[in-house]
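Visitor: If you want the building blocks of each chain, they are given just below.
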Amino acid sequence: MKRFWVLFFMFWPLLALYVCWVAPAYDWWFPGAAASPLGQRIDDLFYLILIITTVVFIGTQAALGYVLWTGAQRSDEGSEERAWFSHGSHNLEVIWTIVPAGVLLFIALYQMDVWAEYRIKTSFPEEVRNDPIAEVTARQFEWRIRYPGVDAEGNPLPLMPDPQPTDLYTVNDLHVPSGRPVMINLRTDDVQHSFFLPELRVKQDAVPGLVIPVWFEATKSGEYALLCAELCGWGHYKMKARLVAESETSWQTWLQELKAEQEFDGVVETSEEE
Amino acid sequence: MRVLYVTSVILGASAILQGCGRMQPEFSHRDEFHELIPAAQVVVEDTLREHYGSPTDMVAWEKLPLKFSAASGRVTAVEEGTATPSSLQVSLNTGADDIQPGQNVDWLTGTLLPASGEEYTATREVVSWDPETSTLTLDAPLPEAPAPGDRFVVDLGGVLEHGRTLYAEHCQHCHGVSGDGAGPTAPYLNPPPRDYRLGKFKFTSTQTSNRATREDLSRVIENGIAGTYMPSFKLLEPDEMQAIVEYVLWLSMRGETELNLVTYFGELEDDEEVQEYVEEDFKEEFEDDISFLARRWEVSQEPAALVIPKEGRVEVTPESLRRGRALYVSDKAKCASCHGTEGLGNGPQTLAVQKDPDGNEYEHPGLYDDWGNPLEPRNLRTGIYRGGRRPIDLYRRIYAGIKGTPMPAFGTALSDQEIWDIVNYVMSMPFEEREPGDGTKPYTPPEQLATASPE
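Order-wise, the sequence lines are chains A and B. full-length UniProt numbering applies: residue 1 is where the first sequence begins, and numbers increase by one. full-length UniProt numbering applies: residue 1 is where the second sequence begins, and numbers increase by one.
The reader is advised that the hints may include incorrect statements.
List of simulated lysine-lysine pairs, DSS-like, C-alpha gap at most 30 Å [what the hints assert, rightly or not]: (1) B:K283 / B:K200; (2) B:K283 / B:K63; (3) A:K220 / A:K238; (4) B:K200 / B:K334; (5) B:K332 / B:K200; (6) B:K332 / B:K355; (7) A:K240 / B:K234; (8) B:K234 / A:K238; (9) B:K355 / B:K200; (10) A:K238 / B:K200; (11) A:K238 / A:K259; (12) A:K220 / A:K259; (13) A:K240 / B:K200; (14) A:K240 / A:K220; (15) B:K355 / B:K334; (16) A:K220 / A:K203; (17) B:K234 / A:K259; (18) A:K238 / A:K203; (19) A:K203 / B:K234; (20) A:K220 / B:K234; (21) B:K310 / A:K259.
No wet-lab data here; the hints were simulated from the structure.
Given the sequences, and given the hints that come with them, work out the whole structure.
Guide: Shown next, in the form of structure tokens:
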């Protein structure tokens, strides 16, 4: 029975190794492969940390197994070896302080450029840094989106801080061009929300009173989930919207259609019915 | 110690079981219902239960102009040479596109409809539906051939049941089980959630005398109502949207029916009068009112009910804005009397004492809606338009008013061009320069103002 517990505790590092090994293949951690280049780098960081923690876990479990095994041997019948008391080892203390600190320092430095690109505005891709594509305002419980609209020639206008007569509005439906970085200005009308694009690995809190720039790039055209990751109230689960990434031309066509819909004066309806 | 242990186990178990118990949803009644004499309450309750059922056991009352089921229709011919056919030629009243394999087919008339108390043996599943030949193929032969003209229904009550489930998930916690706008979240909301039981919905595309269209309701569900707690449910599938709309209409019709019933019985004072009324006039009056209610909703769904401008939107020019402004403050359109000369929603009517539908004065000055809620005229400078921000939405608000509120209809008083001028002006208001002294910029002395060029 003594050795059963040794085996019991040795089972978990093996399971951890297996889980760590197969998790990426089965998407246990993420909803599919990252749909953005920065998301891919975030995944790489995640898996690096997963490998480090798995190795550490296996190492500590192996040490635990060794201690249990030798303890079991000592208590076997006929064994003359006795347990011995150790007050502590200065060298060991130094080692297991410095090694984890070194690992943490490595992770902190290694991820710094990803973090900067993700969060620090001066590190954003230059083409989007001062050119938000839309303003996304979170509200209990929906996402209201303001686009700057298009001029008479059909060219997208710049987004102004305050609403303009040319602005276009949608709700729960964020359309962006795919294959290039885009930036949105994130706000909230009421409580703290969190702008979450799980497939693109984007998560950013929306804080009352702040306008927070968030950039992302959808690699492929398609429809992605836009959720609120903050428990922002009773109807939090209702804040499900969509991000539609599409080619530059179809995005511009969509803007034109949105403009036409928003300027609809009911007259086309008459001719359709006739 | 042992007693303490046993007691705590019993208490814990009961707390868990209590928590796990499912609350049975129930329709609540209008306040007026509770003022009726008990005998009248029984009749009203029974009548409602007979025709609408309960939240968990609904009745698909055919008199109501609703899409209860996927499809309904009549048999036109049966497969030749067989006494127990599994293939029928039919003509459909509704739902030609909604028939799916696996749905049940039930009979409403003919020999296949069992007499009361008998077991239903003629329910079959759809195997295929061919719209070109109007042929419905069933999974097994029927016990006997239906006669031409026999009526059937596909997926009996399915749409409404689907709607009920979705309503409970998304809408009920604000709008309440009965659609009375008194769900558990409602006390925390301003404006309060809509009480459907008057059959009135504010933001419609229809004429003043008409009800909302199904599209009006689905538009509100899809886009939410900006500036209120009603969020957008854009990602609902079309069949989910349809089911919710039908269920909301069903609740609305149930509420209207209850209102009619409590009105009939509200005047009766003793059991004898109730009995006399039930035996003599009640049935006929009730039938008439339901037919009227159904027709009113039906008519509202027809294209003729829509508000459609004869002329397109007037171009937004300084002249149009000037005309719009002049109308806005004029006695003809009277916009400023509620919305204020600056559009801030603070016109003189907001300080006047108004009368309720019974002719009594409200306790506090200001405007009220038909549900008795105090109402603030919209601040037009916020750029938030609850009924939609398209020009046609604003046109319709001015042309047909906002139902259930003091916002009147100007369709007959103003020409299309005048309405469009007001629409243009109202849409420009959030971007309009404010007057000096309103707190948004430094005060300009009058003499400087006079010398400034009035472009």
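Visitor: Need the status of pair A:K220, A:K203: alpha-carbon distance at most 30 Å?
Guide: Given pair A:K220, A:K203 holds - Cα atoms ~19 Å apart, limit 30 Å.
Visitor: Assess, step by step, whether the Cα of A:K240 is no farther than 30 Å from the Cα of B:K234, and give holds or violated.
Guide: Roughly 9 Å separates the two Cα atoms, so the pair holds.
Visitor: If you draw a straight line from the CA of B:K355 to the CA of B:K200, is it 30 Å or shorter?
Guide: Holds, at about 20 Å.
Visitor: Within a Cα-Cα threshold of 30 Å, do B:K310 and A:K259 meet the stated pairing?
Guide: holds (22 Å)
Visitor: Are the Cα positions of A:K238 and A:K203 separated by 30 Å at most?
Guide: holds (18 Å)
Visitor: Is it true that the CA of A:K220 sits at most 30 Å from the CA of B:K234?
Guide: At roughly 23 Å apart (the allowed maximum being 30 Å), B:K234 and A:K220 satisfy the hint.
Visitor: Quick one, are B:K355 and B:K334 close enough, alpha carbons at most 30 Å?
Guide: Measuring from Cα to Cα gives roughly 19 Å; hence the hint holds.
Visitor: Starting from B:K283, check that the Cα of B:K200 is at most 30 Å away, please.
Guide: With a Cα-Cα distance of about 25 Å, the restraint between B:K283 and B:K200 holds, given a limit of 30 Å.
Visitor: B:K332 and B:K355: Cα distance at most 30 Å?
Guide: Roughly 23 Å between the alpha carbons, so the hint for B:K332 and B:K355 holds.
Visitor: Is it true that the CA of A:K238 sits at most 30 Å from the CA of B:K200?
Guide: holds (26 Å)
Visitor: Are the Cα positions of A:K240 and B:K200 separated by 30 Å at most?
Guide: holds (29 Å)
Visitor: Please verify whether B:K234 and A:K259 have alpha carbons no more than 30 Å apart.
Guide: holds (19 Å)
Against the hints set out earlier in the document, no violation occurs for any number.
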